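Novice: Since the structure of chain A is already known, use the hints to place chains B, C and D on it.
There are 4 protein chains.
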Amino acid sequence: MDYTYAPGRNHLFVPGPVNIPEQVLRAMNRNNEDYRSPAIPAMTKNLLEDVKKIFKTTSGTPFLIPTTGTGAWESALTNTLSPGDRIISFLIGQFSLLWIDQQQRLNFDVDVVESEWGRGANLDILASKLAADRNHSIKAICIVHNETATGVTNNLSAVRKLLDDYNHPALFLVDGVSSICAIDFRMDEWGVDVALTGSQKALSLPTGLGIVCASPKAIEASKTAKSVRVFFDWKDYLKFYKMGTYWPYTPSIQLLYGLRAALDLIFEEGLDNVIARHSRLGKATRLAVEAWGLKNCTQSEEWVSDTVTAVVVPPYIDSAEVVRRAWKRYNLSLGLGLNKVAGKVFRIGHLGHLNELQLLGCLSGVEMILKDIGYPVKLGSGVAAAAAYLQNNIPMIPSRI
Amino acid sequence: MDYTYAPGRNHLFVPGPVNIPEQVLRAMNRNNEDYRSPAIPAMTKNLLEDVKKIFKTTSGTPFLIPTTGTGAWESALTNTLSPGDRIISFLIGQFSLLWIDQQQRLNFDVDVVESEWGRGANLDILASKLAADRNHSIKAICIVHNETATGVTNNLSAVRKLLDDYNHPALFLVDGVSSICAIDFRMDEWGVDVALTGSQKALSLPTGLGIVCASPKAIEASKTAKSVRVFFDWKDYLKFYKMGTYWPYTPSIQLLYGLRAALDLIFEEGLDNVIARHSRLGKATRLAVEAWGLKNCTQSEEWVSDTVTAVVVPPYIDSAEVVRRAWKRYNLSLGLGLNKVAGKVFRIGHLGHLNELQLLGCLSGVEMILKDIGYPVKLGSGVAAAAAYLQNNIPMIPSRI
Amino acid sequence: MDYTYAPGRNHLFVPGPVNIPEQVLRAMNRNNEDYRSPAIPAMTKNLLEDVKKIFKTTSGTPFLIPTTGTGAWESALTNTLSPGDRIISFLIGQFSLLWIDQQQRLNFDVDVVESEWGRGANLDILASKLAADRNHSIKAICIVHNETATGVTNNLSAVRKLLDDYNHPALFLVDGVSSICAIDFRMDEWGVDVALTGSQKALSLPTGLGIVCASPKAIEASKTAKSVRVFFDWKDYLKFYKMGTYWPYTPSIQLLYGLRAALDLIFEEGLDNVIARHSRLGKATRLAVEAWGLKNCTQSEEWVSDTVTAVVVPPYIDSAEVVRRAWKRYNLSLGLGLNKVAGKVFRIGHLGHLNELQLLGCLSGVEMILKDIGYPVKLGSGVAAAAAYLQNNIPMIPSRI
Amino acid sequence: MDYTYAPGRNHLFVPGPVNIPEQVLRAMNRNNEDYRSPAIPAMTKNLLEDVKKIFKTTSGTPFLIPTTGTGAWESALTNTLSPGDRIISFLIGQFSLLWIDQQQRLNFDVDVVESEWGRGANLDILASKLAADRNHSIKAICIVHNETATGVTNNLSAVRKLLDDYNHPALFLVDGVSSICAIDFRMDEWGVDVALTGSQKALSLPTGLGIVCASPKAIEASKTAKSVRVFFDWKDYLKFYKMGTYWPYTPSIQLLYGLRAALDLIFEEGLDNVIARHSRLGKATRLAVEAWGLKNCTQSEEWVSDTVTAVVVPPYIDSAEVVRRAWKRYNLSLGLGLNKVAGKVFRIGHLGHLNELQLLGCLSGVEMILKDIGYPVKLGSGVAAAAAYLQNNIPMIPSRI
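Order-wise, the sequence lines are chains A, B, C and D.
Using the numbering used here, you'd call the opening residue of the first sequence number 1 and step up by one each time.
Using the numbering used here, you'd call the opening residue of the second sequence number 1 and step up by one each time.
Using the numbering used here, you'd call the opening residue of the third sequence number 1 and step up by one each time.
Using the numbering used here, you'd call the opening residue of the fourth sequence number 1 and step up by one each time.
So here's chain A without its partners, still in its complex pose (with noise of 0.2 Å):
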C-alpha cells in the first residue's frame, strides 16, 4: 500500500519531476537486459542522434549519463575548465546559487554577478566585464537559462551577442534543466558550448539521466581541462561512441526505452508544439496569479518563464502553509519558496506532459487554498482569466481532426 493515499489523481505541479506520460510508464516497463548485445547500442546510436534534436543542434555531442542535474553541472564544469579558471557566473536564485557553490568547490575562480531574486543575470554587468578583460581571463559564462526557484528566464542570445561583440572566447556553458524541451532553445545559433537537462523536467521521465550536450570547442576544451573527473569524464563516452558499443558503464534499459518512447512523443507533437503549450500554459497561469491580485516574483515580462511561476503572498501569510495545504487537502503538490524566498512565493510548475485542463484544475486549486488561508481571493477569478485566454488560442489536437 502506499504511504499516504489519497483518492483521486495526485495533482503533480512542482517544477520538476514532472508528470510522466503512459507511453513512456510503459515503455519503462520491462526486465532488464544485457547492454552489450547488438541491441542496445543500435538504440543508443539512434537516440544520441535524435537527442541532439531537443537541443536544436547538428554539430554537439550527447551524452547520456546515469545522474541527475547536479552531476550533469559537474560534468559540464569539470570536462572544461581546469582548477584556477576565471570564470562568470550569474546568481539569480537557488539553483544558481547551488551551481556556483558547485563551481567554487571545483576550485574554479567564480566571479558572481548577483541579481536580486526575481530578476535576470545582469547582463550589463556581463558587458563590463568582458569589455574589460582584453587577455581573456574568464574562460567561461556560466548561465541559468530559467532559474527554477523564482520563474525567472534568462535571455542566452543577448550573451552570446555580447561575447560576440567582445569578440570573446569564454565558453558559454548553460543549466537547461527547467527549459529545454519547454523553452525555446537553440544550442548551435546561439553558440552554446555546454547545455544540459535532467530527464525528470520537460522530457517527462523519471529522475536518473543527465542529458549534457557539448559543441566541437567544449570537445576540444576537454582535451586540456585538468579537472580531476572519472565518472563523468567524457573521454570515456568518446571512446566507446567509438567503438560502437556506447556505454562506459551500464546504462538504465528502462531509461533508455523510456527516452526513445518521451521523444517520440515530443516529435509526434513536434518541438515548436510542445514550446507553443508551454507559452500557453505559462501566460495562462500568469493572467490567473494578475486576476487574484498577487504578484509574480519576476520583476519584468521580459524574464517570465513559461515553466514554473513563483507567487509572491502577502506577508501576513506563510506561503509553505499554501504548499503543505495543497498537498494536505487537495492531493496537490506545488513548488516551495527556497533559501531567500523561503516563506514568501509559492511555485506554480507547468512543464512536462501537461495539458490546459490539468492547469485549470491545479489553479481552481490554489483559489480553495487561498481562501483556506485568509486570502481574500475571488473563487473563479484566476481560473475565468486563464480559460478566457485559453480558449481563444487552444489548438484542436492534430491526431483527433
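Derived by calculation from the structure, the hints in this document are not laboratory data.
Values in this document were obtained by computation on a predicted structure and should not be read as measured data.
It cannot be assumed that every hint is accurate.
What the hints assert, rightly or not - To spell it out: a stretch of chain D is covered by chain C in this simulated footprint if at least three of its residues, at any positions, have a beta carbon under 8 Å from a beta carbon of chain C; those stretches are:
#1 6 to 15
#2 260 to 269
#3 323 to 330
#4 347 to 356
#5 367 to 378
#6 386 to 397
Ideal Cβ placement from N, Cα and C applies to all residues, glycine included.
Specialist: Frame of chain A; chains B, C and D shown alone:
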C-alpha cells in the same frame, strides 16, 4: 504509438469506464498464473468475503463473473426466473431500456412502467400493481438504481417499503452498475435479492468482471428457475465454492489482483467516505450546471445522481458537438446523449477514482467548450460555484494530517 | 505482497493460462478510455481484420466477446442451433465432456461419440452416422480440435472430407481453444463454420476474450436459430459493426490494446513460424517423456498434440503429487490430470509465448520431481533427448541474424 | 515494437544487470511524485535503516546515490582519501583494473598487487606490505569482493585479520558490486570501512542506484579527505539527513519504491536463504562445467564465486562466438570474456532473482551452443550433474508448504 496522441493526461469523464488508480494498474501488471494452484483459491475466498461489504450484505452470495454489465444482468435474470414469469420493470432511460429489451428476449412477461426520461421510477404505479396482485403473479421487480443515461437515482428503500406494505414476495432485482461503491446502497437493509455491478464503474477497474450478489431467497429461487443458462449458471459456481476451488472456468488473474487492490483502496478510504466524496462531486457538478444557466436532465432534486450528471443543452445546440469538441480540442472525454436524449444532453461522469481538482478541471473545460459552440457562458462561473461549495466541504486527507 | 512468494520466475507450464509477453503486458498497462471515442472503433476495425488471419479465413466474421472459452462455446452453439437440434459431439476428454454437458443443458439432442481418453474422435462412427443420415437430421458436428485434458489433436480435415463425401450440410463447429495460433488450423480450407479460442491460450493474453469466428453459413444459420440468447447474440454485434461503433457493450480497453500487441508479435514471428515452434516444443517434450520411460496419454502418433503433453505415471505414483511438488519445491506449474485421468497423468503445457530453453528448464524440473517421488528416472535423460532434437532444429532468430 | 524480438522469454545470464522480479517492476510502475512531500522522507528513512541489513551493519551510514557502480567507487574513494595518498589495490580482473584506473586518475599513489587472472588477491604480498609499513603510509586497502570478470571471490575476513595482526589503521574499502545480497558479506564483523553495490546486481533492480555504506571511521575520514568532490560528497547527504529531508538532489521515485519492494522480497526470503540459494546455483553451475570437461577460470576452489562462473573454452574456440550464438539462436544472454580473457572465457551470471529451473534451462542452452560450435559435449551431461546436486539440496518454498 497510440492512435490519437494528445499532450497531457486524458480527462476521462464518461460515466464508465472510469479512471483506474495507479495502485490497481500496478496490481494488474503481471504474468498469468495457474489458477488451480492453492494461491488463487485462497485469494478468491478473501475477495468473496470482502466484496460483500460493498453490497452491504452479510447474507448474500457474490459471484465474480468474467463478463460485462450486460452479462451480469443476464445472470441475475436467468438464475432467478423462468420464461413466462411476470416481472415489473421501470423504463426511465437507455440502460433500463436495454435491460427491458433483454428481459423480453429472455421471454419474461415484462410489465413495463415507463417514466419520462429525466424522471425516476414511478412508484405510484408500482404500488397500484402490487395492490392489485393478490395472487402474486408478479415474480420480480427489476429496477436500475442509477440510470446512467439521464443521471436519475431511484429510491430503493421506497421500493422495499412498498413490497413490505403489500407483503409481496416478488424478488427485488437491482442494477447497481453505476451506483454501487459510489451511491449509498444497502442490500440487506433494503431486502434486495440480486444486486449487480461492473468492474469498470465505481470500483475503478478495467471492464471484465460482472459482480453479482444474490440473497438467500434468490439462491433458493435459482434452484427452480427454468431459464436456460450455462455460462451464467450460479450452480456451477456454487459447486466449485463447495469444493474450495472456486472457479468453474478460468478467471482473469489480473482482474483478481486488481479487485484486491481496488477493495483495499476503498476500505482504506472507508466506503462511507467514498460515498460522501461522490456526493460532494455530484453536488459541485450540479451547482456548476446551475451557474451556467443550464438545466439538469434530472427533473427533481429527489432523483439527482451523484455519479453522473446529464446536462441539457439549449435547442440550438447539438450536444454531440460538445462531446466531439471536448475530445478534439481539450482531451476531455464526456458522455454522449443516448437515444431519446441524443443531441439534447451531454453527460459528465463523476464516479470512481476521482477527486475535486480533477472535476474542476473538467468543469472549466466544459465552460470553454460551451463558449466555443456559441452558448453564452460566463467563463469561470461554474467552477466558482462548484469551488465555493467544495472549499467548505472537502475533508483533510486522513493519511496526510 | 504476493500470497505465495518464491524466488525467481514462476515456470508456467499449465496448458493455459500461459506466459504473457512483456510487450503485451506493456500494451495493457494503461488507464481506461472512452470506448465511444473515434479511436477505439478505428482500432477495433483493424483488430477484426487481423484476427481473421489467425483463423486463416477471409470470409469469416469474428466476434471479440468479453467472456471465457465456456462463453465462446455458448456463443457458437446458441447462435447457430435451436433447442432439439440433433448434433454429433465427440467425447474424448474433460473439455469435450464439459462442452457436451453445455450442449445438453442448452437442450440440443446430443449424439455423443465417445472414445477412450487418450484417443481421438472416432471418425468411423461419424462416417456411419453421416451415411445413415439421409434426411439431414444432424444439424452440426461439434469437435474439439485439441483436447487439453489428454493432449489429443483431432484431424479436422478428415472431418471435412467426410462431410463432403456424404455431401452433408451439417454445421462444422470447432473448439480451437488450445490449438488456434499454435497448431495448424485452416478455417476456410477445412470449411469450418464456427471456430473459437480464448485469449489466455496461444494468443498469450490474460483471460477475458472469447474469440469466435463464424462462416457465412453460420451467420446465415444465426438468423433462424431459436436458442435463447442475449449477451452472446451475434445480432447485437452485427448491428454495431454496421454502425461502425463495433461494441454493443463496454469492451476491455486493456485487452484490445493487448490483442493488438499480441497479433503484432505473431505476425512479426510469422504465424507459420509460430506453429513450427510449437511443433518443435511438442516433439521435444515427447522425446523427453520417452527417454524417461514414461508413456504419453495420447495413444497414437496420429493424435499427438503440439500444445500439451499428458504424461502417464506408473500406477504406484499419484500424478497430483507431481503437480503439488512442482509448485512447492520448484516454482513450476504443471497441469493436473482431470476426471478419468486424475492421479494418472500430469500435463505439460507447451503453448503460447515460450521458447526452447524455457521448456528444457521445465523438463529438468520434471526429472527432479520424478526422482523426488520415487520414479527411477535418470537425471538429464529427458533433457538430453529433447536437446538432441532441438539443437538440430532451432532456427536462428530472424531479427538477430 | 522491440528492436530484436524473439519468441519467449529472454534468458538473462549476464552477471548484471539481472532479472527484475515482477513485484519490483510493479512497484516501479508509477508516475513521478514530489520528493519534498512528507511521504518520500518517511520512506527514505525506512529504506536507509533497512538497507544496512544487507551490508550486515548496524553502525554504518548508507548513501543511495543516483549513479552506477563506477560512481559508487568514486564516492567511496573521494570521500575518504586525499590526492597522493598511498593505497593498496588488487588487480585480479577487468573490474579491479577499472577501479585501479579510477584510483590512479584520482591521483592516489596506487600500490597495485597483481594476480594472474583467475586467482584471488595475493594476501601474502599484502601481509609483507603491511609488515613493512611501520609508519602507516598505507591509507587504504581497496579490494573487489567478487571479481565479475573472472568469477573470483576474495577472502575479506582474511584481509581484516591481516590488518588486525599488524594493527594497521588503513581504511578497508570493498567493491561488493557483484557480491552483496548474494555472497556472505559482513561489514561490521569484518571491519569494512566502505562497502558498495549497484542496484542492478543482486538487488535485482534496474541500474541507477549506487549504494554505498560507510563505517564511523570512514565518516570521520571524510571530514579531512581532500579529494575534490561535489556530486559524490557525503557531506551534502549528511546535511540533509540531519534536516530530515534526506535528498540533496532529486532521487528517482521509481527506484525508491523499487528498492522498497526488492528489500521486502529479500527479507521475506531471508538474507541467509538468499545467500544459500546463490551458493546452490553457483555449485550447480560448476558441476555442469566440470561435466562438460571444461575448466573454470577460477584456479582454486578457495576463490570460486557463487554469482558468476567464467568458463574457459578450448583454444580452438572463440568464446565470443558462444555469446553471439546464445543470443542469436537461443535468446540467451551470456557474459563475454573481457580484456585479457576475451575470446577465452564466457561467463554465466547466476545472481539476483533467479531459481534453479531457470539455471538448468540456461545450462541446457550452453550445451547446445557448445555442440553448435564444435565442442564435443555430451548433451544433458551438465544438466544432469547440476540436477543431481540440486535435487538433493533445493528446499521447499516456505510460503507454499
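Novice: For each hint, tell me whether it holds in the structure or not.
Specialist: Evaluation of the provided hints:
no. : hint       : result
1   : 6 to 15    : holds (count 5)
2   : 260 to 269 : holds (count 4)
3   : 323 to 330 : holds (count 4)
4   : 347 to 356 : holds (count 4)
5   : 367 to 378 : holds (count 5)
6   : 386 to 397 : holds (count 8)
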